[in-house]
Each structure stands twice: as C-alpha cells, then as structure tokens.
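Take a look at the letters that make up each chain.
There are 2 protein chains.
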Amino acid sequence: MIYFVTGNKNKYEEIKRYLSEKIEMKSIPYPEIQADKIEDVALHGIEFLKEKLNENFFVEDSGLFIKALKGFPGVFSSYVFKTIGNEGIKKLMKGIKDREAEFISVIAFYDGKINIFKGVCRGKISEEIKGRGGFGYDPIFIPYGSRKTFAEMSIEEKNEYSHRGKAVRKLKEYLDEKFRD
Amino acid sequence: MIYFVTGNKNKYEEIKRYLSEKIEMKSIPYPEIQADKIEDVALHGIEFLKEKLNENFFVEDSGLFIKALKGFPGVFSSYVFKTIGNEGIKKLMKGIKDREAEFISVIAFYDGKINIFKGVCRGKISEEIKGRGGFGYDPIFIPYGSRKTFAEMSIEEKNEYSHRGKAVRKLKEYLDEKFRD
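Chains as they are written, first to last, in my numbering: chain L, 342 to 522; chain Z, 342 to 522.
Worth flagging that the hints you see were computed from the coordinates, not collected in a lab. Any given hint could turn out to be false.
Because identical chains cannot be distinguished in the list, a pair is counted as satisfied if it fits within a single copy or across any two copies.
With a cut-off of at most 25 angstroms between alpha-carbon atoms, the simulated BS3-like pairs for lysine-lysine come out as follows [to be verified]:
| id | residue 1 | residue 2 |
| --- | --- | --- |
| 1 | Lys-411 | Lys-350 |
| 2 | Lys-411 | Lys-431 |
| 3 | Lys-431 | Lys-519 |
| 4 | Lys-411 | Lys-357 |
| 5 | Lys-465 | Lys-431 |
| 6 | Lys-471 | Lys-411 |
| 7 | Lys-438 | Lys-363 |
| 8 | Lys-423 | Lys-513 |
| 9 | Lys-393 | Lys-519 |
| 10 | Lys-489 | Lys-363 |
| 11 | Lys-393 | Lys-432 |
| 12 | Lys-511 | Lys-378 |
Please work from the sequences and hints to get the whole structure.
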C-alpha cells in the first residue's frame with residue numbers, strides 16, 4: 342500500500358492509472374511554504390508528513406511558470422488559480438508576444454528516505470481559454486508538439502505530454518525496481 | 342534592545358520612527374507559509390525565530406487584498422510584486438468597476454509570549470500608477486479619505502493612514518505600558 346497525500350481528486354485520477362501498486366488517496370493538509378522552487382514545497386511537505394504516516398507515501402506539487410511574467414504564478418499556482426484564475430492569466434498575457442511557459446511537477450516519495458521525481462513540460466500560453474477537460478490551467482496551456490490545450494485532450498493524451506505524466510513515469514520506474522522481487 | 346526581523350529596509354524606516362525603544366534591523370530569512378491569513382504567516386515566523394534570538398523581537402507581515410480579485414495578491418503580495426508588479430495589477434483591474442481593496446499589516450512581537458498587533462487600511466486601487474514614494478503597491482493604492490496614492494505622500498502622511506502605521510501605534514502602546522517603570 343502506498344499513500345498519495347493530496348486533496349486534489351484530479352491529480353489522483355491522473356496518477357493512479359500509471360502505478361501497478363495499490364494507491365490510496367489521503368487528504369491530509371500539509372503546510373506549503375513560500376519557496377521559489379516546487380522541490381522545496383514538496384520536501385517541506387514530506388518533513389511534516391513523515392512522522393504522521395506509517396506507510397510509504399508521496400506528495401505531488403506542481404506549478405506553471407510563465408517566462409514573460411518572471412515565473413508567475415509558479416509555486417503559488419494553486420492560490421493564483423483560486424483567485425484570478427485563467428481569466429486573470431489571459432488578461433496579464435494580453436499583448437505579450439513571448440508566450441513561453443513550462444509546467445513543472447515534482448513527486449516526492451518517502452520510503453524511509455526521500456526520493457524526488459521531476460517532470461517538465463514546455464509549451465506556450467494560448468491566446469484563448471479552450472477545452473473542458475483537465476483542471477487548473479489546462480485550458481490555457483498548449484504543450485510543444487501539439488496544437489491543443491491540455492483541456493482539449495483525453496487524460497491519456499495529456500499524460501503523454503504532461504509534466505505530471507513524466508514525473509509519475511519516473512516514480513513508476515523506481516517502484517518497479519524496488520518491488521521487483 | 343528590540344530586534345525587528347526583516348529584509349525590507351523600507352519597512353524598517355517606516356516603523357522605527359514610531360518607537361522610543363532602541364530598534365535594530367535583523368535580516369534573518371524565515372520560512373513564510375502559504376496561508377490565507379497574514380496572522381498565520383507572522384505566527385509561523387515567530388515560531389521559527391524564537392529559538393534563534395535572545396532579545397525581544399518582532400516581525401511584520403503585510404498584504405494587499407483586492408476584493409474583485411477574491412483577495413489576490415493577499416499573503417503572496419511580495420512574490421506577486423516581484424513577478425507581475427503594479428503593471429500586472431493594473432492589467433488585472435482593467436475594466437473592473439469595484440476597485441475596493443485593503444492593506445493589512447500584522448506585527449507579531451515576541452517577549453516570551455506572542456503579541457499580535459493588526460492594522461487595516463481600506464481604500465481603492467487607482468486607475469493609474471502614480472507617485473514615486475513608498476514601495477511595493479504604494480503607487481496603486483489610494484486610502485479612503487485621500488485622493489493621493491501612498492506613493493504620492495510623505496512617510497509621515499502615509500503613516501497616518503496606513504495599515505502599518507496603525508499596527509505600529511498599537512505596538513507602541515504595548516511597549517510604553519510594558520516599559521513604563
């Protein structure tokens with residue numbers, strides 16, 4: 342049994358289909374620090390949770406970093422989404438030509454020691470909010486190699502490109518190795 | 342001797358003129374959590390710092406809460422300022438009629454126990470970025486009772502209205518009482 346500590350059902354749905362081990366969603370709030378790097382948020386979460394859980398577990402933290410906005414919303418992506426949302430990002434990006442952005446996902450897995458798995462997906466911010474799938478910033482992000490936003494893709498298609506898909510495939514490799522025998 | 346733990350010289354300049362006790366600026370970074378309330382950020386800071394300092398000390402945390410943006414940038418005001426800045430806020434507020442906002446300042450003073458002093462300043466977000474004084478969001482905030490932004494005021498005038506001025510006057514009352522004898 343592995344716990345995935347998150348309050349976000351969408352993330353759980355995206356991740357669990359990758360892993361052959363039994364995964365259980367645990368909704369335990371953990372303090373998120375104001376850091377510059379997603380890694381630091383995840384590591385801080387592990388430090389808080391490791392005394393509280395007696396199974397292997399992981400957390401996943403992610404963020405959208407927009408180059409022309411100096412990395413905004415970055416590690417505060419979740420808060421920014423809840424307040425100004427995609428409409429806010431669209432407004433901020435109005436008239437800006439450089440639409441480059443990256444999504445970063447960090448999975449921190451704890452099994453007595455901390456293991457970090459990172460996935461990055463480069464792409465651009467769309468001019469329009471498009472699609473009904475996914476969650477969060479998916480309707481405004483177009484990964485390189487596609488003409489669709491994440492929200493216009495099926496979960497399978499999104500996972501092929503996505504930061505979270507890349508991070509979870511690294512976690513899977515680690516788990517397959519660890520539990521091989 | 343009282344330590345004011347901050348990396349922000351502007352805050353130090355605003356605050357020290359109020360207090361008759363000897364104040365020293367200490368630039369010790371402390372982890373800021375992602376909380377909804379300024380109070381929680383300040384309290385978390387105190388918990389981290391109290392083992393490290395052997396004098397009375399305080400921290401000050403503040404934020405700008407814009408009603409039409411659901412409280413954005415709020416506790417993340419400092420990060421948001423460093424990324425999208427006043428130009429970003431101006432863009433986000435373009436075409437929005439309800440320009441109501443409040444600045445909140447929380448001073449947490451530690452002298453063996455934690456004392457919280459809070460100041461609130463209501464006002465509105467200006468249509469234009471105006472003035473060269475102050476720092477941070479001062480050029481876009483007009484307090485009720487004035488037609489000038491904080492950045493168009495002298496420090497003295499700003500302090501009369503400001504959230505930080507209100508919080509520090511409460512701290513001063515407490516200190517005057519405490520050290521009366």
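Comparing the hints with the structure gives:
| no. | hint | in the structure |
| --- | --- | --- |
| 1 | Lys-411 / Lys-350 | between (29 angstroms within a copy, 23 angstroms between copies) |
| 2 | Lys-411 / Lys-431 | both (15 angstroms within a copy, 17 angstroms between copies) |
| 3 | Lys-431 / Lys-519 | neither (44 angstroms within a copy, 52 angstroms between copies) |
| 4 | Lys-411 / Lys-357 | neither (33 angstroms within a copy, 33 angstroms between copies) |
| 5 | Lys-465 / Lys-431 | both (12 angstroms within a copy, 23 angstroms between copies) |
| 6 | Lys-471 / Lys-411 | both (24 angstroms within a copy, 23 angstroms between copies) |
| 7 | Lys-438 / Lys-363 | neither (45 angstroms within a copy, 51 angstroms between copies) |
| 8 | Lys-423 / Lys-513 | neither (31 angstroms within a copy, 37 angstroms between copies) |
| 9 | Lys-393 / Lys-519 | within (23 angstroms within a copy, 41 angstroms between copies) |
| 10 | Lys-489 / Lys-363 | neither (32 angstroms within a copy, 61 angstroms between copies) |
| 11 | Lys-393 / Lys-432 | neither (42 angstroms within a copy, 44 angstroms between copies) |
| 12 | Lys-511 / Lys-378 | within (19 angstroms within a copy, 36 angstroms between copies) |
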